[in-house]
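Residue numbers (the numbering used here), protein chains in the order written: chain E, 1 to 359; chain C, 1 to 293.
Be aware that one or more of the hints could be misleading.
Derived SDA-like pairs: lysine to any residue, alpha-carbon spacing no greater than 25 Å straight-line [stated by the list, open to error]: (1) Lys261/E with Ile290/E; (2) Lys35/C with Gly176/C; (3) Lys261/E with Lys35/C; (4) Lys320/E with Ser228/C; (5) Lys320/E with Leu218/C; (6) Lys320/E with Gly235/C; (7) Lys71/E with Arg237/C; (8) Lys215/E with Arg237/C; (9) Lys320/E with Gly176/C; (10) Lys262/C with Gly49/E; (11) Lys261/E with Gln246/E; (12) Lys320/E with Lys35/C; (13) Lys320/E with Arg223/C; (14) Lys320/E with Arg118/C; (15) Lys262/C with Leu34/E; (16) Lys262/C with Gly36/E.
Pair ranges (Cβ atoms, derived) [stated by the list, open to error]: (17) Asp260/C with Arg325/E: 51 to 57 Å; (18) Thr142/C with Pro15/E: 56 to 62 Å; (19) Arg161/C with Leu16/E: 30 to 36 Å; (20) Gln19/C with Arg325/E: 39 to 45 Å; (21) Arg325/E with Gly200/C: 36 to 42 Å; (22) Ala131/C with Leu16/E: 50 to 56 Å; (23) Leu13/E with Gly200/C: 43 to 49 Å; (24) Ala249/C with Lys71/E: 40 to 46 Å; (25) Thr215/C with Leu16/E: 28 to 34 Å; (26) Arg245/C with Leu314/E: 45 to 51 Å; (27) Asp170/C with Arg325/E: 35 to 41 Å; (28) Pro15/E with Ala131/C: 35 to 41 Å; (29) Arg245/C with Leu317/E: 22 to 28 Å; (30) Leu314/E with Ala249/C: 26 to 32 Å.
Just so you know, the hints here were simulated from the structure itself, not pulled from any lab data. Beta carbons are placed, not taken as given, at the ideal position from N, Cα and C, and that holds for glycine.
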Amino acid sequence: MNLALTYPWVLALIPLALLPLAFAIQRRQGYPSLAGVEPDGLSRAVDIGLHLLGALAILSLLAAIGGLHLKGQTVERVGEGSHVVLLLDRSSSMDETFAGKQATETEASKSSVARELMREFINRRDHDRFGVAAFSTMAMPVLPITSHKDAVLGAVDAITRPGLAYTNVGQGLALALSMHEADPTAASRAILLVSDGAAVIDRRVQERLREQIAKRPVNLYWLYLRTAGAPGIFDPPREGVPDTPQAMPERHLNLFFQSLKVPYRAFEAENPEAIADAIEEIDKLERNPIRYQERIPEIDLSDLAYGIAAATLLLLLLAKLAEVRLETGGALTRSGAGGTVAATRQATDNETKRLKEAA
Amino acid sequence: MIDPRRPEDDAPPPDLPYQLAWRSSEVRAGAHRGKREGAGGFFRDVAPLLRSPDPRRLDLRVSARDPFEGLHVRRFEQKATVTVYALVDVSASMGFRGASDKMRIAADLCAALASAVRRAGDAFGLIGCDAEVQKELTFLATRARGSEVEMLRRLRNFTPRGAGTGGMVDAAALVGGGRKVIFLISDFYMPRPEIEAIFGALARHDIIPIVLSDTAELERLPRWGLLSLTDLEVGRRRLVVMRPRLWEAWQRRSGRRRADLKSIAGRYGRTPFVVEDRIDWERLSGYLAGGVA
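Next comes chain C alone, as it looks inside the complex (with noise of 0.2 Å):
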């Protein structure tokens, strides 16, 4: 079966602004807003020239208005980099093909977030993670121009056999304090707690959970025969009799899993973004733009 659609159809946009509903307390002058005072960006405050020593912004109306005759200038505040990380789950389970090749969107995904962020001057890491945190795969934040290259070459030719996410876990580690944007890239095939674990250790970033599923895993399953699964985590198999019965309960089933992980994501502030087969990439940037998936 060929895809009717042309490959730069798929071709990811040359940015993804990504807008954020906070402020970063990062030092360096970036595209973000920040919680620092500085030069440029929008007015922020009027204070007394001898706590901030600034006399070019003097503010001649407040300081005339002021009857014990003090001098006041205006803050401004400055716009401030933030540090985005990819979290990559790349256990076994990613290496699904369905309608789609989980790991290459992944990559895909990545690709674009990188450059991206390299065009808003921030700090881009990516660390992939399955039981633990994969040792080829870790890259710290950093904002080396051309960095993105290894990570992304080591990322599309990384064969995914681990089993389990507990690496998402220590990654938070990696990660370090001061408020981060984490994109977690995941099929999220993963117990309930695991992922409030998971979600819970990244309690202090921005969580931007993008979900990996595939039409082939679920809505194009087969309504009739017999199905040999095996788990590509665990290797286990199972035969399953399909029937419309029990399609339609598998359909709930991943309904259900599917609402768990956004009331969990909802928690922490922002709800989960789903790729089906294909990013659409217009819907995405929407999405990083603060609409609603």
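This is chain E alone, in the form it adopts within the complex (with noise of 0.2 Å):
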């Protein structure tokens, strides 16, 4: 229980409560002799139940206006995900369709479904933190690994904004790796690179991806959105073509993937089913315990109080309503102090000299 008041100083009132405990809210009438009255359990009953109801409204009063509420906190939790680096290709081919064409309104463009498929990755997975990257000429670091789900679709929506020119593989895995790097949670870790394409990754720069894996493992994806006519990852060479590189970078760039000594899989992917089935697959392939931070909201608890207060003031006015008084016959009731009685009894003398005088 994380109970905490908002005004705090109501505290000091708290010895207001004890106040219905010494009291009655009944008016006292005098009885000559309580030896003289019936036992009864039930009015003995009744009489503590009525004492306590007035010290728990006051308590649920001062409960309710000092804002009594359950205070917000972060719970870490234990499930199923991991911290997941998007890396997106933003070179100008992904605003075309799958045959290579302008989009249109019947056909969507590759990155839009891209866009799409990915959103509902995002949704499904409760428990994934994930970071957004984007590259082209160079690399872009669009959102640090987080927790907050609508920055990431926010950043996802985003690549359907036009692409740039070049792609740059090289940069942007350095990049997502580098993310990876800054998040120091020990949760697994995984890189999905979507890409219509592929570049020729420099020597150096792939001693360096090697060196960074090598520090920090991960899982890599790769989907590749193959346009139709394009070469694809898993073709030998050709007839006449030379295996290099240069020449054929999608094959080359897969080949360096698995070389990598880190799990691996890529998806070839030449229209949006192949996509839809590819993150399903992904989906089923990343299911490792992940521990997660869960937020509490704070509960505000002042309706509740004022709720019980109203409640127990309610019994309390039916108590009052339901109070009799002895019949007093004309004669004014003795009320506790001796003073009283004297002034009393001087009123009724009155009242008996006016009626005589009146008679």
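Mind assembling these two chains? They're in different frames, but the hints should get you there.
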């Protein structure tokens, strides 16, 4: 229980709750002797109950005025998921359809298809944390690894903006890896590379990537959005074409990834359905235990306290309304102190005198 | 609520004759049957002249019948006075005001008694007590006319605030020996042993218990509702959830209490007279004249 008060000074008024224990809500009526009163368990219970109700009413009012609430907190939970950096290709070819044409109303561009499916993927994975990076001629950090889903979705939405020219996969990967390095938690890590083409990675850059990956191993997924007629990842070189990275960058990037000695899957997607299948596959693979923080919001209890106060006050009011008085038959009831007795007697004497005069 | 009865209906009668079933041993000539012989009154017996040397009362028939020719005189009962005390409970419980004012009723009763006692030529005394005998309400019996004015003034102005009734037992010592008439005026809201102690202390006297009761404290209690009662004597508070079952139990309890008092008082010779809300003077006269209340 994390009860807290917005205004703790009301605690100073807590002694007020003792008042109903000391006093009764009913008017005191004198009776010659309580020895003549039939003892009754129900009456005793009601008496004690009314006193306690009074104390409860004051306490709950104080709690309500003081703004009683359950403090918000973050709880560490264990679930399934991982930290994923989405590495998005922002080259201008992503704005084309799978057929390599300009996007029309009936045929969506590769980027928008990828966006929809990634949104779905992000929404499905409750406990994952996502980072977003994009690359074109240069790598662009978009969003560090975070659990704020809305920000991630916003960043993913942005990939439908018109793309830039060139595809610099090496720098993008370096950025994605450094984003993972900046994240200190011990979660399972993944990089999801979404691109529609590849480029030659410089030897020196390759060496640096190898070092980075060795330092912090990640699961690597490459979602290759293959445009019709473009060379595939797994295609062997055709007759007459030299098997060099320059001639077949996709094939050689795949070979480079395979040589990294980390879990790696490549998906070749030629249409939106294939992308969906690939993402489904990634969803299945990335099921590792993860510790994640869950935020529990603050719960305001003052309404409840006001409700309790209202209910108890209503009961007390009913008890007050149910109160009856001894029939006094014209004379005033003696109440408590002796002084009052003399006063009431005086009053009655005067009344009698008046009666006598009237008669 | 205005009482429909006119004030004069409640006015005490000029005389409240009280007849006693015993003979007073006082010397002074008065209105009641006494133990001593003297002039007037009932014929008591015949005694030899030598023992009762009053030749005026020679009984010729008895003297002539005597074979030893002794002279005999008639003897008559001397009417005697009695001493009447009113022992008034002035503990705080008597301050209860329901349909009536108990202290006022007690004072009215004492006033009527005092005037009746004066008429009979008897002595009247008043002692007010709660846990102890109240000094300002202690008036030893006197025949002085007009003395009751001060007694009644003090009784009427007295504010009951004490607790307990132990003073009644102490008052027995003030009343002293010799048989007297004691009016015991109280609401008798006391435990049975205390009632027995009081009657025991006054046992040699003719105790006339007058119970002051109020319909508001019993018969006219509400049948439903929450009732917060404070004991007038000890000041303790109690909440009562009134309902018909409890009401009936309450009445039964008070019935038992009255039966207890009746049985104790009966042992000492008289049944108690119950005043409810107002004094029924006619009934009281009948009761004092020897009838049963």
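Going through the hints against the structure:
Restraint check: the Cα-Cα separation between Lys261/E and Ile290/E comes to about 23 Å, which is no more than 25 Å; the hinted pair holds. Restraint check: the Cα-Cα separation between Lys35/C and Gly176/C comes to about 19 Å, which is no more than 25 Å; the hinted pair holds. A C-alpha spacing of about 139 Å is found between Lys261/E and Lys35/C, which places the hinted pair above 25 Å, so the restraint is violated. Pair hint Lys320/E plus Ser228/C holds up; C-alpha atoms about 11 Å apart against a cutoff of 25 Å.
In summary, the hint linking Lys320/E to Leu218/C is supported, as the alpha carbons are separated by about 22 Å, within the 25 Å threshold. Taking the CA atoms of Lys320/E and Gly235/C, the gap is about 21 Å. The hint holds against a cut of 25 Å. As the CA atoms of Lys71/E and Arg237/C are separated by approximately 44 Å, the hinted pair breaks the 25 Å bound. Between Lys215/E and Arg237/C the CA atoms are separated by roughly 82 Å; this puts the pair beyond 25 Å, and the hint is violated.
For the given pair, Lys320/E sits about 53 Å from Gly176/C by alpha-carbon distance, which is inconsistent with the 25 Å threshold. Proposed proximity of Lys262/C and Gly49/E is contradicted: the alpha carbons are some 40 Å apart, above 25 Å. Between the alpha carbons of Lys261/E and Gln246/E the distance comes to roughly 23 Å, so the proposed pair stays at or under 25 Å and holds. Taken as a hint, the Lys320/E and Lys35/C pair is broken in the structure, with Cα atoms around 65 Å apart against an allowance of 25 Å.
For the given pair, Lys320/E sits about 16 Å from Arg223/C by alpha-carbon distance, which is consistent with the 25 Å threshold. For a cut-off of 25 Å, the pair hint linking Lys320/E to Arg118/C is broken: about 53 Å separates their Cα positions. Of the pairs offered as hints, the one joining Lys262/C and Leu34/E holds, with about 21 Å between alpha carbons and a cut-off of 25 Å not exceeded. The straight-line distance between the Cα atoms of Lys262/C and Gly36/E is roughly 16 Å, inside the 25 Å bound, and the hint therefore holds.
Distance hint check: the CB atoms of Asp260/C and Arg325/E are about 29 Å apart, inconsistent with the given range 51 to 57 Å. Between Thr142/C and Pro15/E the C-beta distance comes to about 60 Å, which sits within the given range of 56 to 62 Å. Take Arg161/C and Leu16/E: their Cβ atoms lie about 33 Å apart, and the range 30 to 36 Å holds. Separated by about 43 Å at the C-beta atoms, Gln19/C and Arg325/E satisfy the suggested range of 39 to 45 Å.
Under the hint 36 to 42 Å, the C-beta atoms of Arg325/E and Gly200/C, about 39 Å apart, fit the expected range. Separation of Ala131/C from Leu16/E is about 38 Å and departs from the stated range, judged on CB atoms against 50 to 56 Å. Take Leu13/E and Gly200/C: their Cβ atoms lie about 58 Å apart, and the range 43 to 49 Å is violated. At roughly 54 Å, the beta-carbon separation of Ala249/C and Lys71/E lies outside the given 40 to 46 Å, and the hint is violated.
Distance hint check: the CB atoms of Thr215/C and Leu16/E are about 41 Å apart, inconsistent with the given range 28 to 34 Å. Take Arg245/C and Leu314/E: their Cβ atoms lie about 27 Å apart, and the range 45 to 51 Å is violated. Checked against the given bound of 35 to 41 Å, the beta carbons of Asp170/C and Arg325/E, roughly 37 Å apart, stay inside it. The given range of 35 to 41 Å is respected by Pro15/E and Ala131/C, whose C-beta atoms sit roughly 37 Å from each other.
With their beta carbons about 26 Å apart, Arg245/C and Leu317/E fall inside the hinted range of 22 to 28 Å. Range check, Leu314/E to Ala249/C: Cβ separation about 30 Å, and the 26 to 32 Å hint holds.
This entry does not satisfy hints 3, 7, 8, 9, 10, 12, 14, 17, 22, 23, 24, 25, 26, going by the numbered hints stated previously.
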